[in-house]
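Enquirer: Residue strings, one per chain:
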Amino acid sequence: MVGNTASRRRILFQILLITLSLSALVFALIFVTSMSDAIANKYALINSGHLLVHDRSFPSRDSYDSYLVGTTYGLIYSKDTTELVFLKGVEEHYLEGKRKDELTILEESGESTTLMKVMISKTLARTLNAHTGENLALMIGTEEKARPTLVRIGAIYDSGYKELDEILVFTDLSSLVRLGRESVSFHHEVLVEMHRIEEVRDRLTHEGYRVTTWSEEAPQIASNLVTSKEVTFIIISIIGLLLGYATSELARQMVEDDKRQITLLLLLGARKKMLAYSYLLSVLIVTIIALILGTSGGILLSYGVPKVLPLIEKRSFTILSFYLLRFSIAIPIKRILILGALVIFSSTATVFFSLRRALRKQTITSLTFD
Amino acid sequence: MANSFECVHLSSITKSFPATQAGDSRLMILEGISLTIRHGQSVAIVGKSGSGKSTLLEIAAGLLEPDSGTVMLDGVYLHGLDDRQKAILRARKMGFIFQASYMLADFTALENVKIAALIAGSSPREATTRATDLLHRVGLGERLSHTSDRLSGGERQRVVIARSLVNDPAIIFADEPTGNLDEENAAIIEDLLLGLVKERNATLMLVTHNPQFASRLDRVLTLSERTLVEGM
Numbered sequence: 111m112v113g114n115t116a117s118r119r120r121i122l123f124q125i126l127l128i129t130l131s132l133s134a135l136v137f138a139l140i141f142v143t144s145m146s147d148a149i150a151n152k153y154a155l156i157n158s159g160h161l162l163v164h165d166r167s168f169p170s171r172d173s174y175d176s177y178l179v180g181t182t183y184g185l186i187y188s189k190d191t192t193e194l195v196f197l198k199g200v201e202e203h204y205l206e207g208k209r210k211d212e213l214t215i216l217e218e219s220g221e222s223t224t225l226m227k228v229m230i231s232k233t234l235a236r237t238l239n240a241h242t243g244e245n246l247a248l249m250i251g252t253e254e255k256a257r258p259t260l261v262r263i264g265a266i267y268d269s270g271y272k273e274l275d276e277i278l279v280f281t282d283l284s285s286l287v288r289l290g291r292e293s294v295s296f297h298h299e300v301l302v303e304m305h306r307i308e309e310v311r312d313r314l315t316h317e318g319y320r321v322t323t324w325s326e327e328a329p330q331i332a333s334n335l336v337t338s339k340e341v342t343f344i345i346i347s348i349i350g351l352l353l354g355y356a357t358s359e360l361a362r363q364m365v366e367d368d369k370r371q372i373t374l375l376l377l378l379g380a381r382k383k384m385l386a387y388s389y390l391l392s393v394l395i396v397t398i399i400a401l402i403l404g405t406s407g408g409i410l411l412s413y414g415v416p417k418v419l420p421l422i423e424k425r426s427f428t429i430l431s432f433y434l435l436r437f438s439i440a441i442p443i444k445r446i447l448i449l450g451a452l453v454i455f456s457s458t459a460t461v462f463f464s465l466r467r468a469l470r471k472q473t474i475t476s477l478t479f480d
Numbered sequence: 002m003a004n005s006f007e008c009v010h011l012s013s014i015t016k017s018f019p020a021t022q023a024g025d026s027r028l029m030i031l032e033g034i035s036l037t038i039r040h041g042q043s044v045a046i047v048g049k050s051g052s053g054k055s056t057l058l059e060i061a062a063g064l065l066e067p068d069s070g071t072v073m074l075d076g077v078y079l080h081g082l083d084d085r086q087k088a089i090l091r092a093r094k095m096g097f098i099f100q101a102s103y104m105l106a107d108f109t110a111l112e113n114v115k116i117a118a119l120i121a122g123s124s125p126r127e128a129t130t131r132a133t134d135l136l137h138r139v140g141l142g143e144r145l146s147h148t149s150d151r152l153s154g155g156e157r158q159r160v161v162i163a164r165s166l167v168n169d170p171a172i173i174f175a176d177e178p179t180g181n182l183d184e185e186n187a188a189i190i191e192d193l194l195l196g197l198v199k200e201r202n203a204t205l206m207l208v209t210h211n212p213q214f215a216s217r218l219d220r221v222l223t224l225s226e227r228t229l230v231e232g233m
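Sequence order for the protein chains is A and B. Position one of the first sequence corresponds to residue 111 (my numbering), numbered consecutively onward. Position one of the second sequence corresponds to residue 2 (my numbering), numbered consecutively onward.
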């Protein structure tokens, strides 16, 4: 309310403290949300599509961004090791459009061959100790007649999502059908925006197609992503509540600094409740300023992430190998607003009680005995 | 029975404080003090340091509770009032002047006077008019926008006098209002205070060490040996 230079400095310090803490919280919230959303989206784009239409007659390439794909599991043998892989037969141009940004082709072999060409990931290539242009043996199916067939590594890709890269192998659809025959299952992958999945699914179901979502196909991954996002949000919210509580210290300090002024106002007939509301308003203004600054700081900071992550990625820290290090920032506005509301709620409640306690102790006679 | 001519009525006031040394009984400051001050009367309380003058003033103003006895201000018994009612009474019926000229630090002279009127319920416009008039009256017409750090001790005390009078209170409680001032400024404050109090027909209860100042008031009472006696 009023105060000297030292108390103003203390208030500024409190604003700075709340601002920095909030910046960190908002940054963490944006980071986790963006990464989770990006993992989900990458998984859907590369592995399964956002929606899977399980009818081969699905004609709708004109209306939807969709491709027919064939999938099966197989064993892949290099000279050093054997790995279980998820084989995906795709049509030409499949890796264009929205999927283009999700994969980086690191190496590509231009030489022609009669062998079936596969594209494996950098991670799998490292595990198999194989390089572009080399041959691997691939066995599809479990029946007795199944025999390993030679395939050629036509390209090596990197999606940045190690868990997916470890198992996913691309090849062209017709080759996979020729090799896998009955063991290949088909579906149309439909790409839509994440927030439109349910809407499009309902429409397609209504049109008579059997449709599943990427999260139904990979419930474990989907629930892990949702859980990690929710848990992070809960933790951040709790810290936000504690941060609001910290502002009550600011209120206590303001009352302490203004003791004489408060006594004077009480002497002039001001009521303690009136003073409490005026201090509450002051602290709320300070909190809201810090909230705006902190949120803006967190958002600005998070926009710097896409520039920093590639540098970290280049360093190949083992600890970060399971994190997605390439993603675009998505601002979870609703969650940031909830966080802000929690900070204000906690601040208001704790400041109110702190002020009541501090003002209850205040007596008018303290002024006259000075 | 309350008398409409009585502004302050103290009856059998007793006040003691905890002893400073362990083992001592309570320190008796005031014992069975009764006092009546009529409306418009100015009364000086004199006495040695530590005799309990300020304690008596604070009890009369309702700032301190007596151990026993009753206080009636402008026809209202203070002991029956809650904090809210006391606050309203302070804002509308009382003015306070202390030895140290307390002002709200970041407020201007005008705001310092105005806030007292606002707390008492005046509209902002009315509060501004009355505060400006009073500040002109105490000779600070040119200092309206000065904050306390840009005013001298005497000027600050003049702001406090203006503030104490802005709500046309029934009674002014003043505790050594010239105690911190040099002779010249003290004389100015004395003249101003007594002049304005007389002009507004307010009641004044003043505590002072200064016998000359005390002698200018309608009545002088001496507090000695825990009791109040008429005269110096």
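Treat the hints with caution; some may be incorrect.
[Said to hold, decoys possible] According to the in silico footprint, chain A covers these stretches of chain B (three or more CB under 8 Å from chain A):
{"no.": "1", "segment": "115 to 121"}
{"no.": "2", "segment": "205 to 216"}
[Unchecked claim] Label pairs and their calculated CB-CB ranges:
{"no.": "3", "chain 1": "B", "residue 1": "I89", "chain 2": "A", "residue 2": "R470", "range": "17 to 27 Å"}
{"no.": "4", "chain 1": "A", "residue 1": "S406", "chain 2": "B", "residue 2": "R201", "range": "19 to 29 Å"}
{"no.": "5", "chain 1": "A", "residue 1": "R466", "chain 2": "B", "residue 2": "H147", "range": "32 to 42 Å"}
{"no.": "6", "chain 1": "A", "residue 1": "R470", "chain 2": "B", "residue 2": "H147", "range": "29 to 39 Å"}
{"no.": "7", "chain 1": "A", "residue 1": "M304", "chain 2": "B", "residue 2": "P125", "range": "47 to 57 Å"}
[Stated by the list, open to error] Listed below are the simulated DSS-like cross-link pairs for lysine-lysine, each with C-alpha atoms no more than 25 Å apart in a straight line:
{"no.": "8", "chain 1": "A", "residue 1": "K208", "chain 2": "A", "residue 2": "K272"}
{"no.": "9", "chain 1": "A", "residue 1": "K272", "chain 2": "A", "residue 2": "K232"}
{"no.": "10", "chain 1": "B", "residue 1": "K94", "chain 2": "A", "residue 2": "K382"}
{"no.": "11", "chain 1": "A", "residue 1": "K383", "chain 2": "B", "residue 2": "K94"}
FYI, nobody ran anything at the bench for these hints, they're computed from the structure. Bear in mind the structure is a predicted one, so any value in this text is a computation, not a measurement. Glycine included, every Cβ here is placed at the ideal spot set by N, Cα and C.
Enquirer: Hint by hint, note whether the structure agrees.
Expert: Against the structure, the hints come out as follows:
| no. | hint | in the structure |
| --- | --- | --- |
| 1 | 115 to 121 | holds (count 4) |
| 2 | 205 to 216 | violated (count 0) |
| 3 | B:I89 with A:R470: 17 to 27 Å | holds (19 Å) |
| 4 | A:S406 with B:R201: 19 to 29 Å | violated (55 Å) |
| 5 | A:R466 with B:H147: 32 to 42 Å | holds (35 Å) |
| 6 | A:R470 with B:H147: 29 to 39 Å | holds (35 Å) |
| 7 | A:M304 with B:P125: 47 to 57 Å | holds (55 Å) |
| 8 | A:K208 with A:K272 | holds (20 Å) |
| 9 | A:K272 with A:K232 | holds (9 Å) |
| 10 | B:K94 with A:K382 | holds (19 Å) |
| 11 | A:K383 with B:K94 | holds (21 Å) |
Hint compliance for this structure: hints 2 and 4 are not met, and every other hint is.
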